[in-house]
Amino acid sequence: MRSTQWLDAHRVGYIIKSYSLSAGTASKAADEMGCSLDQMYKTLLLRSVDHRYFLILIPETQRLDLLKVAKELGVKVHMAPKEAVEEQTGYQVGSVSPFGIGTGRFASSRPVLIDKSCLSKERIGVGSGEFGKELFLKPQDLIRALNPKVGDFVLEEFPGAGS
Numbered sequence: 007m008r009s010t011q012w013l014d015a016h017r018v019g020y021i022i023k024s025y026s027l028s029a030g031t032a033s034k035a036a037d038e039m040g041c042s043l044d045q046m047y048k049t050l051l052l053r054s055v056d057h058r059y060f061l062i063l064i065p066e067t068q069r070l071d072l073l074k075v076a077k078e079l080g081v082k083v084h085m086a087p088k089e090a091v092e093e094q095t096g097y098q099v100g101s102v103s104p105f106g107i108g109t110g111r112f113a114s115s116r117p118v119l120i121d122k123s124c125l126s127k128e129r130i131g132v133g134s135g136e137f138g139k140e141l142f143l144k145p146q147d148l149i150r151a152l153n154p155k156v157g158d159f160v161l162e163e164f165p166g167a168g169s
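Residue numbers (my numbering): 7 to 169.
It should be emphasised that the hints constitute simulated quantities derived from the structure, not laboratory data. The C-beta atom is built at its ideal place from N, Cα and C for all residues, glycine as well. Each statement offered as a hint is correct.
The calculated lysine to aspartate or glutamate pairs, modelled on EDC-like cross-linking and capped at a C-alpha distance of 20 angstroms, are:
1. K77 with E162
2. K139 with D44
3. K122 with E163
4. K74 with E163
5. K48 with D158
6. K48 with E66
7. K34 with D44
8. K48 with E162
9. K74 with D56
10. K139 with D14
11. K155 with E78
12. K82 with D56
13. K122 with E162
14. K144 with D14
15. K48 with D71
16. K127 with E66
17. K127 with D158
18. K122 with E78
19. K127 with D147
20. K127 with E162
21. K23 with E128
22. K127 with D37
23. K144 with E128
24. K48 with E136
25. K23 with D147
26. K122 with E66
27. K122 with D71
28. K48 with D147
29. K144 with D44
30. K139 with E38
Quick list of simulated restraints, FRET-style, between CB atoms:
31. V99 with V55: 20 to 26 angstroms
32. R8 with R150: 18 to 24 angstroms
33. Q98 with R69: 20 to 26 angstroms
34. S28 with R150: 34 to 40 angstroms
Model the full structure from these sequences, guided by the hints.
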């Protein structure tokens, strides 16, 4: 996998956990991998109004607050369309890894943000770039490897969060 090759090259420790493609939901996938849903982080691609791209990692249990992100970045952002995700990251929507990003304009600068909630976790799971596999690593290792902006990027109240 491109993501694990990148992690190996940068000497970042990780564990690969698998789940069945028929799991259907992140909650069922978490159960199959023996972890809690709040350990799993989704990797989303954002596009600014001036056409710059940003990756952001937030918990599966939360929703992104685009206003908080815009305030941090100093520019209005929205979710990138599916085609842009695949073009800019080299990964399919639903399997995006923050590691081993593709060859698009995004690859050279790789601006990344991550929600501060990761700091309270022993390990977090992120996309591997392949459906059915998740990479688990220590948040400190992810931060050291990607040098992301760490902040509060999720909506304050989200009905059903953590359930």
